[in-house]
Structures are given as structure tokens and as C-alpha cells.
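Chemist: Here is what each chain is made of, one letter per residue.
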Amino acid sequence: MPLLDAGGRFVADRFHRFNSGEATDHPCVLVSLADLPAVLAVRGDQEIGVEIANTVEIAALAPHFDALALIGIAFPAYADGRGFSLAKRLRRDGFTGTLRAIGPLIADQFAYALACGFDEVELPEANAARQPAEHWVKAAAAFSATYQRGYAREASILDQRRAARLEGRNG
Amino acid sequence: MYRYDEFDERFVRERVAQFRDQVNRRLSGAITEDEFKPLRLKNGVYLQLHAYMLRIAIPYGTLSARQLRQLALIGEKFDRGYGHFTTRQNLQFNWPRLRDVPEILDLLADVEMHCIQTSGNCIRNVTADQFSGVAADEIEDPRPVAELIRQWSSAHPEFSYLPRKFKIAVTGAAHDRAAVKVHDIGLRIVRNTAGETGYEIIVGGGLGRTPMIGKVVRDFLPKGDLLAYLEALMRVYNAEGRRDNKYKARVKILVHEIGIEEFQARVEAEFAALDRTTINADREEVARIAAYFAAPPYEKRPAVSQTYQAARAANPAFAAWADVNVTPHKAPGYAALTISLKGIGAVPGDMTSEQMRAAAGLAERYSFGELRVTHAQNLVLPHVAQDDLFAVWKALGNARLAEANVGLITDIIACPGLDYCALATARSIPIAQALSQRFADPARQREIGPLGIKISGCINACGHHHVGNIGILGLEKRGEESYQITLGGDATENAALGDILGPGLTAAEVPDAIERLVEVYLGQRNTGEAFIDTVRRLGIAPFKAAFLQEIDHAAA
Ligand code: SF4
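Protein chains in written order, with the working numbering: chain A, 1 to 171; chain B, 1 to 556.
Worth double-checking, as some hints may not be accurate.
[What the hints assert, rightly or not] Under 10 Å between C-beta atoms, here's a sample of chain A residues computed to sit facing chain B: (1) 17; (2) 21; (3) 84; (4) 107; (5) 115; (6) 130; (7) 139; (8) 142; (9) 143; (10) 145; (11) 146; (12) 148; (13) 158; (14) 161; (15) 162; (16) 165.
It is worth saying that the hints were derived from the structure and are not from the lab.
For clarity, every value in this text was computed on a predicted model and none was experimentally measured.
All residues carry an ideal CB built from backbone N, CA and C; glycine is no exception.
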């Protein structure tokens, strides 16, 4: 399915979705959580990604963080915001690989997804067809800065105010 | 009052541009109607029964005269010459055209206003005590923290697609005028034994079809940790609040299902895992915001104004008005004055553009240019010199704004109901009007004393009927409007939910039924005892008996 990178470009997906019973010799395989232990047990030097529901407990994944190149979080509907919190928790708990949002997101959620730690968005065909790349780029830039601190994006308004205060004091 | 800096200004302008772009993408088909709906709701645009409705945020109920004038202008230019104040300190226009909305948003941005998050499954406009900074019983002015939360919750990357709407109210006073126990989060400013101020956090209150009184989840949170704590609590709710049933999706249900101890444990675990220094606002930012809420330059005045006392003695009608509409002020010689938007037979909370201008003029002349909106759908002039009260009263009379009924039986809270609302099961405005007419006699109202009637047009309870001393809920039974009456609700620090008195009534039966309840009270009260206290003392039984008796008569 179409894959949008952090810059809002549609790019080729290097991951191959693994179906149980298949050979796992593809260089980058994306597996379900159920298949993960078996695939990890027999893996060669492939990159492994796992696709999870937005309700998964982090404890179930944390032992595998180092072995995982990618975690894909399913968004069953664009209005289901659980994936944002799960991404934020995965980043906080030390996952440094690629985080992918998988589902029918809308362009207006792109900035939120990136701020919560996602690197890319995988969309159903129809949704990607309606929303060309420029919509995502424009929507992501809707706000020059926002208020919340501690999210993965340029300096928040609070931090910019603080910087201005320090500058005023030193200047 | 808070004033936007360059960042706030740019943020609000960018929000308007974003909405324009969203409308364009809807029109081009890039996003579907389903996808557009939450986007327009998060900007306060509803589709009602007859038209679109635009809900404007009045953050924590603080409004400048300049802003009120702009609302008057918008009402004239894009609506039918009036606006409607809601139970959440917002203002609604009932008749704007969708294509005019971006222009209205521009006009709002010109006076530092917006419609951000006045609807949708996100953190809503923060409400506060209407007497913030004024009340004598205040530990600290809650508006700075309300403003901090307003900023923090705006376009939040993680909490904009919550299971359901999320309402926060704050108070800094001992007496709760912000109904903090019936909000998703209620925040009370408290002092600990060491003399430091901090926050008591109450969670899981709410009305709607499953009314609940909130429970304390943190009895003392140091002020500096507020944003980190809110982030932790919101994350637990966002991840674990139910999404399978919209009627069970509010945080109150999560708290109820897992228990307050378990909820607290999850929030505290999340809070402990956070790097708080990267989330909290620094002390200087908090101080920067607080500085905007410094007291206005009051003149030095004697605590008791001779002019005011003389005017009272000479004008019984003025004295009667002042007795109920004037609230003591912490500055000597000043008073806070509530302007009733509950004229006899009028629509509760409605105000014409002309009246808005009159009120704005009075605020400029007598109240340092400032007004407040109350959750009881009235306005307040927060800082009026007692010397000026008589002049203000006369001017209010000319604008048909001098109803002497604040807190009395005709100061009725009512949601828009079936006259406007697409979700309504019954009308609420005509019920309010009929009761207002029935109890119109000012002497009788005063004799009855404080008594809050609250009316909702459906189970969603926007009229807060559960916490009305007398609550009225409009339902539909076999194609007919049917009104369920509850007794003993209270939205204050003694928060309580009313009990249902009996079977539903027709609209025509409601005034007589309320009359009966009032008669029981008048016959049984102790000297100086308010309605709600008599209900507490006697219990529901004598009222129920009178209520049912009437129904038997009606049936006979
Ligand atoms: S209580 Fe019901 S009828 Fe009244 S405004 Fe709310 S949703 Fe509409």
C-alpha cells in the first residue's frame, strides 16, 4: 500500500508483508506479533518489522526493541487516536527504529503523527488517491509552532518564549 | 486580561487558514464528509436542525468590552442580531452560513478570539469561576492556570482524537462556582499544611446519560508539575478509555469500571515514567501569564459607600435588584455585578447585539473594560465601584437588562432543546419561558429565595438538569414530549445528583408541578433555610407526595 515518508513524499516500501508458512528470506519482512517469535528465531541478517494493534502492551515488545527495525501501529480508523499515545510511549521507552502509522489517516493528522514519533504513514490506496502528497506537506506545515513541549518537532512556543527571555536577559 | 503575544496571534491566524484549507479540501473531495466532520467540529461548526451553528470560545469566561462589541457586530452581520451564551461559558450563533464561517473566524481573530476546540472529541474550552480574581473567598486567581491549559491543550498532537469530549474546569475559591465535580477534570487550587499552593485534581465527573460526581485522584499536585500530570492522565484515558460505545467513552466510565484506585495507580505510573522537566512550563512562563491577570488599578475607596447606601434607601426596586445581583468584592468599595440574561419570558442566555453594545459600554465606563460569562448563562461586570451601582442599574434598565433574579427561581438554565438542537427529544426553551412567567412576581421570587431550575432537552444534559435543585429533563414518549422532574441536585462543593420524583409530565403540567414543590418548601422551611437545605433536611418524601398527588388530580 502507498507509503508516505516524513517529508510527505510517496516512496517505495522496502518491507515485504510476511504470511505464515512463507519463506522468510526477503531482506526486510513485516510480520504480525503472533509470528514474531518464530521469525526472530530463524532470522538471518534480515531486517524485521512487526505490525501491532494499537492496544498492545509495551512490555510484550520491549525485549525485542533491538531486534526490530520497524514497528507498525495499526489505526483501525482515523478517529481512533490510541496509536498516537502508543507511539509516544514506544519512543519514551527507548525504541529507536522506524515507527510506521498504518491506516486511513488524513492529511491533518500528519503533523500529529510526526510529533508523536512516527516516521512514516502507510495508507490504503483509496485514501492516498484522494490526498496527494502536496496536501500532506501543506497540512504538516499548518502551524509554524505549537504549545506542547516534549514532542518530536521544532521548538515549541513555550521554548521559543523561554529562549527569547534568555536572550533578552543576556543581550 | 490575557493578551496574545506574537506566537498566540500567529497560532490563531494559522488556525483560520487551516480551516479554510480544510473546507477547500472537503469541497474538492480530497476528504470525505465523515473525515471533515471532526475537523469542523473542532472548530466549533455544528450542523443543527435548521442551520449551521457556530460556537465561539470565551476561555474561562473572561471577555473584554472590545470583544463583546465584536460579537455584537458578528451577530448583526452574519446572524439574526443576537447570540446565545451557553452553560460552558461559550457563545453560540444559531444562524450563520457555512461559507461565512472563515470570515467570522477572521473577525474573531482580530479581537484575540477563536472557536478552537469548542466541540469534538478533544480537550474543550476550559471553564472557571466567574468571580475569579474578585471573590473574597479565593485562595488564588484560577485564570492563569486556565490560560496555561488553554494553550497546552490547543491542537495537542496526542490528545486531539480522544475517545470522547473532555471538559476541564478550574476554581481557586472555597465555594465552587465552576461545578468542578461534574467535569472530566476538576481542578481546585488548594493550600497544603506547609502553606504552599497546589492543585487538587478531581476526575471522572460528568452529567449526560450516566451522571457521576468526580473523585479526587490527586489531593495535592505541586503547581510546577501540572502539565506533566495532565499529560500522564490524558495518556491513560486516550489509551484505555472505551471506544466501542460512545455512551461509555467518557473518562467517568473508565474510572467507574476500573475503580479510582486503579485509575490513580495507572496515572501515577505514567507520571513517574515521564521526564517532567521536558514537559512542564517553566516558572517564568507561568509568571508571564499570571502578570496579565494582575488586579486592575482600583481606586482607594471606603469599604462601605454612603452613596450606594443612600440610593438603596431611596429606591426599593434598586435595593431589591442589588440584593440578588450584586456580589461582594475583595477590593474595598467595589462590587461584582451580575447582569441577568433571564428576562421574564425571554430565552435564557440570549442577548441581542444592541444589549451587547450596552453592556460593553458599561464595562468600559464602570468595570475597567472587563466582563465575565457565567455557567448559569449570565454576564458579570466584575469591578464596579459601589458608588456607581445605581447609575449602572439605571443604564441596564434602559437596555432591558435589569432583571432582579440572579440565583432565584426565574434564573433558569436551559439548553437550546428542540427549537435548535439536532439531538433534542423535547423543547426546553418554552418550558423555561412558562416557568419564568409563572413565577414572574418579584416579591414572590424573593420570598422563595435561592432556587436553581435547570432544563435539558435530552439525556445529554447540556442544561445540567441532574444538578439543578429542581431538574427538568425533556424526553419523548410515544411521539409526545414528556418531562421528567428531579429534586435535590446541587452543582457546588456539596455536589449531588437529583432524585426522580415520579412519572413524566406533559409540558402544560410542568408549572403546576413546580408550584407544588415550592409550596411544600414554603410550608416546611425553617427560618432562613434555602430550598436545597430544606430538601436535604426533609428528604425527598414530602415533595414526592405533593408531586404525585398533583399527578393523580391531573389523571382524575
Ligand atoms: S441537552 Fe440535548 S437537546 Fe439540549 S443542547 Fe444538549 S444535546 Fe441538545
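Chemist: Interface hint check: residue 107(A), Cβ to nearest Cβ on chain B, cutoff 10 Å. Holds or violated?
Modeler: Holds, about 7 Å.
Chemist: Closer than 10 Å between Cβ atoms is the bar; does residue 146(A) clear it against chain B? Give me holds or violated.
Modeler: Holds, because the Cβ-Cβ distance from residue 146(A) to chain B comes to roughly 5 Å (cut-off 10 Å).
Chemist: Would the hint on residue 142(A) be counted as holding, given a Cβ-Cβ threshold of 10 Å to chain B?
Modeler: OK, holds: residue 142(A) within 10 Å of chain B, min 4 Å.
Chemist: Is the interface hint satisfied for residue 130(A)? The criterion is a beta-carbon contact with chain B at less than 10 Å.
Modeler: Where the cut-off is 10 Å and the nearest Cβ of chain B is about 5 Å from residue 130(A), the hint holds.
Chemist: When the nearest CB of chain B is found for residue 17(A), is that gap smaller than 10 Å?
Modeler: Hint violated; residue 17(A) Cβ to chain B Cβ min 26 Å, cut 10 Å.
Chemist: Measuring from the C-beta of residue 148(A) to each C-beta in chain B, is the shortest one below 10 Å?
Modeler: holds (6 Å)
Chemist: Hey, does the residue 145(A) contact hint survive, CB to chain B under 10 Å?
Modeler: Holds. Min distance 6 Å.
Chemist: Minimum Cβ distance from residue 115(A) to chain B below 10 Å?
Modeler: holds (4 Å)
Chemist: A closest beta-carbon separation below 10 Å is what the hint needs, so does residue 165(A) meet it against chain B?
Modeler: holds (6 Å)
Chemist: Should the hint that residue 139(A) touches chain B count as held when the rule is a Cβ pair under 10 Å?
Modeler: Constraint on residue 139(A) satisfied, holds at 7 Å.
Chemist: Minimum Cβ distance from residue 162(A) to chain B below 10 Å?
Modeler: Check passed: Cβ of residue 162(A) comes within 6 Å of chain B, closer than 10 Å.
Chemist: Using 10 Å as the Cβ threshold, decide whether residue 158(A) counts as touching chain B.
Modeler: With a minimum Cβ separation of about 6 Å from chain B (threshold 10 Å), the hint on residue 158(A) holds.
In summary, the numbered hints that this structure violates are 1 and 2.
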